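*Asks:* Chain by chain, the residues run as shown.
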Amino acid sequence: MINNQAGINEKHSERIHHGLDILPSLKYGIPGGLGNKRWTGELLLATYLQASTGQPPSNGLEYRIGDSGGGFDVLSWRKPGDMPRLATEEVDLGIPLNNRAVGAKLSIPFPFYGGGMSFGSISLNFMIARARAAEKLGTYMSTGEGGYPEQLVPYKDHIITQVATGMFGVREETMQYAPILEFKYAQGAKPGLGGHLLADKVTSEVARMRESSMFTSLYSPFPFHSVYSVEDHKKHVDWIKTVNPRALVSVKVSTPTDVDMVAIGSYYAGANIIHIDGGYGGTGAAPEIAKKNIAMPIEYAIPKVHRYLVSEGVRDEIVLMASGGIRTADDIAKAIALGADGCVVATAEAVAVGCTHCGNCERGRGCQVGITRG
Amino acid sequence: MNGIELREIVESIVRSRFKLPMVTGMVEKSEAEGGCGVIGVACTVPIEGKYLLQSLVQMKNRGNGKGGGIAAVGLVPEQLGVTRQVLDDDYLIQVAYLESRVRDEVENEFLNSNFIVDHSSRIETVSDYQSIQGLEVQPPVVYRYFCRVRPGILEEFVHANKLDGMERSAAEDEFIYQTSYRLNHRYYSSLGEKKAFVLSHGKDMLVLKLVGYGDDVVRYYKLEDFKANIWIGHHRYPTKGRVWHPGGAHPFIGMHEALVHNGDFANYHSIVEYLAQRGIRPLFLTDTEVSVLLFDLWSRVYHYPLEYLVEAMAPTTERDFHMLPVEKQRLYGLVQAMHIHGSPDGPWFFIVAKNDPRTGEKQLLGITDTSMLRPQVFAIQDGPVKVGVIASERQAINAMLRRLAEDGKVPARFADVYWNARGGSYTDGGTFVFTLKDADAGVKRLECTDKFGREVVVPSGQYHQSVSSQSSLSLSASVASQLQSLEQMHADRSSLFQYLGPLLRSGGFDYVVGLVEELEKLGSRGQGSFWFAVEALTMLYDRIYDSGEKRRASLLQVYDDALTRMFSSIPLLDGDHAREFVRLDWASRKRLLPPLKVDNLLAVDALDFPVEGSESMARYLVECYQKGWRRLVAFNLRGHRFIANGLGPGTSGLRLDCFGDVGDYVGSGIDGAEVNVHGAAQDQVAQIMKSGKLVVHGDVGQAFMYAAKGGDVYVLGNAAGRPLINAVGRPRVVINGTCLDYLAESFMAGDPYNGGGFVVVNGLRPTHDGRFVEQASPYPGGNLFSLASGGALYIRDPHGLLSSDQLNGGRLAEFTERDWGLVRPYLEENERLFGVGIERDLLTVGGVVLSPSKVYRKVEPVVLQELA
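So the protein sequences, as listed, match chains H and Z. The opening position of the first sequence corresponds to residue 1 in this note's numbering, with each subsequent residue numbered one higher. The opening position of the second sequence corresponds to residue 1 in this note's numbering, with each subsequent residue numbered one higher.
Don't read these hints as lab results, they were simulated from the structure. Fair warning: this is a prediction, and the values are worked out from it, not measured in the lab. Worth double-checking, as some hints may not be accurate.
[Claimed, not checked] With the C-beta cut set under 8 angstroms, the calculated list includes, among others, these residues of chain H facing chain Z:
(1) 205
(2) 219
(3) 230
(4) 242
(5) 243
(6) 245
(7) 265
(8) 300
[As the list claims (entries may be wrong)] Covered stretches of chain Z (in silico footprint by chain H; criterion: 3 or more residues with CB under 8 angstroms from a CB of chain H, positions within the stretch not fixed):
(9) 59–68
(10) 198–209
(11) 660–668
(12) 810–823
All C-beta atoms in this analysis are idealised placements derived from N, C-alpha and C, irrespective of residue type, glycine included.
Only chain H is shown next, with the shape it has when bound in the complex (with noise of 0.2 angstroms):
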């Protein structure tokens, strides 16, 4: 520890001009009020570290585990006796994301993709970083609800098309780039609660992005007004692939209790993908009493979707992700040994180009690392 002034002066003038590429080295210590029970500073600076260099932290910083006293930051691992450890050239992360017989083979190297976070929400600098690191690991990530920025067209074989209740920026062209396309029914920060963006925030670019006008408020409904039942969500999805004959589909929506009959209708509906998005997660974006007041935890949702799935006889067919606080490696192997195929990810990206967690997206001062939009 430091305590003559310059030491406090020369800690303090790192942070400021250095910030996050210094902090993980622990030359400083953790910093004090860095982080919170899910992320500490600890797992923010290890995940950082990790973006940087590729590599697990060499210095003992916590990189698998958070400190919230729940959910996996309590689940930890047992290995079976006879289990044999295996060569890493024997390990095989990939996953497909199609077990139907018909379809697009896709298929990704590593069981994890990049959640919906839209455009209005993020700034178009980390959108289109998110569609790199997309591209360039061979997986995919999500356009969010707040439309398609032409800037993302080039790195298009790695983008979702979201499909939200309010459909900003859902067009035919914009549903026709994607690969695979993502219903969301509901986001399980917030299920049931639909979104709004504040008029203050529709600048120019968002109203372009979104069609809409600029500064009006802009509201995504819940639920989707032409989607009353399964149904309605068969033949949504068979619009869909009218649209889009050659993509996956995914279904995804929050944690209610009955997570299990939901998912078994969007199989019989024909999805690809079912996502189960619980409450863990979401931007500074959703409201407090919502975050994790209404959706189940990911870490009950996931078995019981799983169980039923196999006691339906359909487990084979559908692959099963799961998000909402899937923030480590470690997370997301707990996550599939619960029964999930694999994960979404979304805050885990913005920790990775520098988000600290400060939860002030929402309050209109501008993100301090252009990561969100102000």
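Fit chain Z to the supplied structure of chain H, relying on the hints for placement.
*Replies:* Here is chain Z on its own, set in the frame of chain H:
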């Protein structure tokens, strides 16, 4: 029976039910289900089961083959092998045996011991169920028993349960009801094994169901030629449970009624508890079962008139409640306070077929939930026989009428009126009832009334084309030559119409048929004349005019037949000819080639194309477009979905004309193209439409233009619930009828003066004598422009009927010259398309031409403090 006596009887019935064996363990909904395909028909003469087939086939995509069923009410004694008296007086009990060996036991213990069985028989089936394609599970063996309760047994039941004050026939009903419950409890639910259950037990009605589709029931139980006055049919879409049983399929029964359902409740447990407090326990554990249990409780046990029953099912809420007369508010308030916990919450639509053995009246009912979350269409054709139809989709109604018309049972394949119910409303209560009553000389009369008993009237003084009349008169030479000269002059639509209009009023059907033949003849003379004839016939089909004594439905058929003949006469595309018009169909679809010239026209016969999927008509049209075709006609449409979807961006220059019955989602996503729907459209029209033009010569259904970004759209008729929700950008829409509810919720279409969007609602309806008259209210619903942050609504409301309590976030504003300047070009196009005259129909009020500002009102957004 006074109130106190009734109360005592009700209490005795409820007490007697507490003695019934109980299901132990938690009652959980065993199967989840959502949408379904439903249809119901009532006819003044008995019609055969085969007429359900085509409608059910055309709605297969609303089920998943895991449950199908039918009910028939108003049967023919001879085909059941009994006398009229036995049919009227006996309970017609149908038992489904999943295990044949329990039959003796069931017959001895439940039937012969309690009932005098006047007649029994095994229901005939096809010999091998696997001969019906897609039927994977052996349907149950069904026995039919005509029974009366043994008098001694009935007396014992009455005495033991203190039901002495009850009429004996009512007590007998209750005994039957409880006996069926016991039988089902013993053989279906409690043992875990499904061995037998009662399909139906009412008088003059029956139910059959299986694991499959609704039309499979008709085929498997050989009902093609079985006759009844009322039919309902159902496809089910259950998703939970690996093993399905016919017991879970619809219809479910109360006493003398059967109910099918499309939807899903959020409060199943609350309803189960509500019923349990009244001694009723479900055995089949589906939403539909509890629905009909509620229906039976309220109608038979509580003696509620239909109006109260509907109020308990679908409460009148919000502004609609306040629009009710004070006395009704008081009454409905009591009903709601008493029964709200038993009121099904969520999306649902019920069709009920019912017999009232006391009066002999048979009924077909459609009831929609308060929020109108499921699709529903009602229709009547009033000809030599009168038919009422209710279905999930208009195309299913037309499919049934088409089959009836082909067999000469009805004169036309179109109904005289079609409409949607407005759920939980003060206007119609979301409910319509078709009642068959005995009129003179064994003939039945069909009446259609809403929740409040108000009759739906089909205009009198007009007649259909008689089924037998085929002869055509030759027209006077002057008409033929006039048509030719109009053709040579390249007459525009309005002058052609001005010439033909008056002829059509005075002439008889023979005259119209002659005129149509003349046009067809003209069309066969050359390629230029061909299109003239098609356009003339299309206009006759689309336009509203005074047809004199001729019913429009019959005229539509004449024009539609002629158009179909003309399109079918176009030579198939074979690449050899430089023809301006070519045709393709399912069989020849692989011959698709690019057009020789960009303005060549390709007509595609939709008949055998799948309604959805990778080989669908919609995908084929995309292929045609991609091959370079820019003028397309799709004809013989039969509910084909997603027409004009998938064309992609920048499609201006493409024109597509649709004939027949378009299915859901027509015009969704179009970006530049012009799509004309000749006739009505269904649900989800023009969702996310980006730009271009869509014209619908009829009504549109639910969720019209959801999340649209733009486009010029013209609708001749009404829009159902939730139009224009979440629309952004610059949609510019003229609706000549009205909308049911939630118009332009979260409308975000910017500043209409600066490129933003707007909706004009004219609130008119066409009359049978060719005028456009005001509807009772230009917009009857609440939730107008809720939370809208952009755009504007222009509503024709010269009498100031629109009030600010219909708004939720917007405000009424003055209609200015600037607004008129904005909408006028659209109303001019509207006049050109539909003949809705700006001066004659829109600005004339009570015979006087008013200024636009006195006729239209504007609704504009306000900045809501809590949302800014």
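*Asks:* Which of the numbered hints are not met once you compare them with the structure shown?
*Replies:* Result: hints 1, 8, 10 and 12 break, sorted rising.
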